[in-house]
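> Each chain, written out:
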Amino acid sequence: MIDPDAEFVRKAGAGDAGAAEAIVRRHLPRMVGLARRMLGDAAEAEDVAQEVFLRVWREAPRWKPGAAKFETWMHRVALNLCYDRLRRRREVLDADAGLAVADSNPLPSDARLAQQRAARVRAALAKLPERQRAAVALVHFQEMTNIAAAEMLEISVEALESLLARGRRALKAELAGVVQDLIGDADGVPRV
Amino acid sequence: MNRERFEFLLDAYGADFRRWPAADRTAGEAFAAKHAEEASEAIRAAGALDRALDAARDDAIDTALLARRILRQRPRPWIDRRAAIALAACAVFGIALGYGAGTLAPAPDFDDAYFAAAFEAPFAIGDEG
Chain R
0 MIDPDAEFVR KAGAGDAGAA EAIVRRHLPR MVGLARRMLG DAAEAEDVAQ
50 EVFLRVWREA PRWKPGAAKF ETWMHRVALN LCYDRLRRRR EVLDADAGLA
100 VADSNPLPSD ARLAQQRAAR VRAALAKLPE RQRAAVALVH FQEMTNIAAA
150 EMLEISVEAL ESLLARGRRA LKAELAGVVQ DLIGDADGVP RV
Chain U
0 MNRERFEFLL DAYGADFRRW PAADRTAGEA FAAKHAEEAS EAIRAAGALD
50 RALDAARDDA IDTALLARRI LRQRPRPWID RRAAIALAAC AVFGIALGYG
100 AGTLAPAPDF DDAYFAAAFE APFAIGDEG
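From first to last, the protein sequence lines are chains R and U.
With the first letter of the first sequence counted as 1, position 82 gets the number 81 in numbering that gives the first Met the number 0; the numbers rise by one all the way through.
With the first letter of the second sequence counted as 1, position 69 gets the number 68 in numbering that gives the first Met the number 0; the numbers rise by one all the way through.
To be clear, the hints were calculated from the coordinates, so they are not data collected in a lab.
Treat each hint with caution, since some may be false.
Listed below are several chain U residues computed to face chain R (Cβ distance under 8 Å; list not exhaustive) [to be verified]:
#1 ASP10
#2 PRO20
#3 ALA41
#4 ALA54
#5 ARG56
#6 ILE60
#7 LEU86
#8 VAL91
#9 ILE94
Restraint ranges, calculated between C-beta atoms of paired labels, are given here [as the list claims (entries may be wrong)]:
#10 R:ASN79 <-> U:ASP57: 18 to 24 Å
#11 U:GLU37 <-> R:GLU153: 33 to 39 Å
#12 U:MET0 <-> R:ASP109: 37 to 43 Å
#13 R:ASP46 <-> U:LEU96: 40 to 46 Å
#14 U:ALA95 <-> R:ALA41: 54 to 60 Å
#15 R:SER161 <-> U:ALA26: 35 to 41 Å
Where a beta carbon is used, it is the ideal one built from N, C-alpha and C, also for glycine.
Next up, chain R with everything else stripped away, as it sits in the complex:
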């Protein structure tokens, strides 16, 4: 298994500023994106990303390429930090936030409609159980392969597929209105 980060991590651990910068450039947007989808809060997502990198700096000098890729380890750390925060706050985002916005403007512009859709999707994602949300975030939004995502969640590929299928079915039910609207625009041909 070739780990594209291994050399950067080794150099960063030895104090190389350029290697540290490369790691941040490569992984920070993904860490923030994952945490945002898990937590639904931009500021908290930045805190999580910052905490992930504090651990990266701590681990880099003694990092040994082994069973897991560095990227996999980072995603695990980020997910665990998100789970901790979700456990602590036990807060359910207001799933009706998007609907409330929709009601306030009966003739929305395209931009407003897009905002409303995004808000509804975020609310629906926030309602998913944590593990299903993580599976959807990794495979759909982070565009991880099923094998990489399963490693990050420390489960089998079959278990990942089960989480994904349940998560996406729940999203389809929660977003039925949005999905029906979009079906009207569909060309019926899957992208290949």
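Assemble chain U onto chain R, guided by the hints.
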């Protein structure tokens, strides 16, 4: 691939075959092509959910400030690499200079007896002159 497996994978990964497991991709595409009529509704629904999810993408995450903050938190080695190189160069230059100056210095005119006399009574040298 049978219909049940196809629909399960569609539920799990969506209508974009690039997200499907590599091992199932070709079979999935073949199934979709072969059973276009019966599969099209499920594909349309899965594709619509994909697009709905894409509506919530955060494509414009600006992480520049955060990146600077994170890089500032990086522990610095106790001495900067450039400073270490400069220090080592100074040391080498100093040693070379000291050695070179030593070999270039004129040989002393005094013989051993002169130095030995330095350990004797102070008047001993004066007596000679």
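> Decide, hint by hint, whether the structure agrees.
Hint check results:
no.	hint	in the structure
1	ASP10	holds (4 Å)
2	PRO20	holds (5 Å)
3	ALA41	violated (10 Å)
4	ALA54	holds (4 Å)
5	ARG56	holds (7 Å)
6	ILE60	holds (5 Å)
7	LEU86	violated (15 Å)
8	VAL91	violated (22 Å)
9	ILE94	violated (26 Å)
10	R:ASN79 <-> U:ASP57: 18 to 24 Å	holds (21 Å)
11	U:GLU37 <-> R:GLU153: 33 to 39 Å	holds (37 Å)
12	U:MET0 <-> R:ASP109: 37 to 43 Å	holds (39 Å)
13	R:ASP46 <-> U:LEU96: 40 to 46 Å	violated (54 Å)
14	U:ALA95 <-> R:ALA41: 54 to 60 Å	holds (58 Å)
15	R:SER161 <-> U:ALA26: 35 to 41 Å	violated (20 Å)
Checked against the numbered hints above, the structure violates hints 3, 7, 8, 9, 13, 15; every other hint is satisfied.
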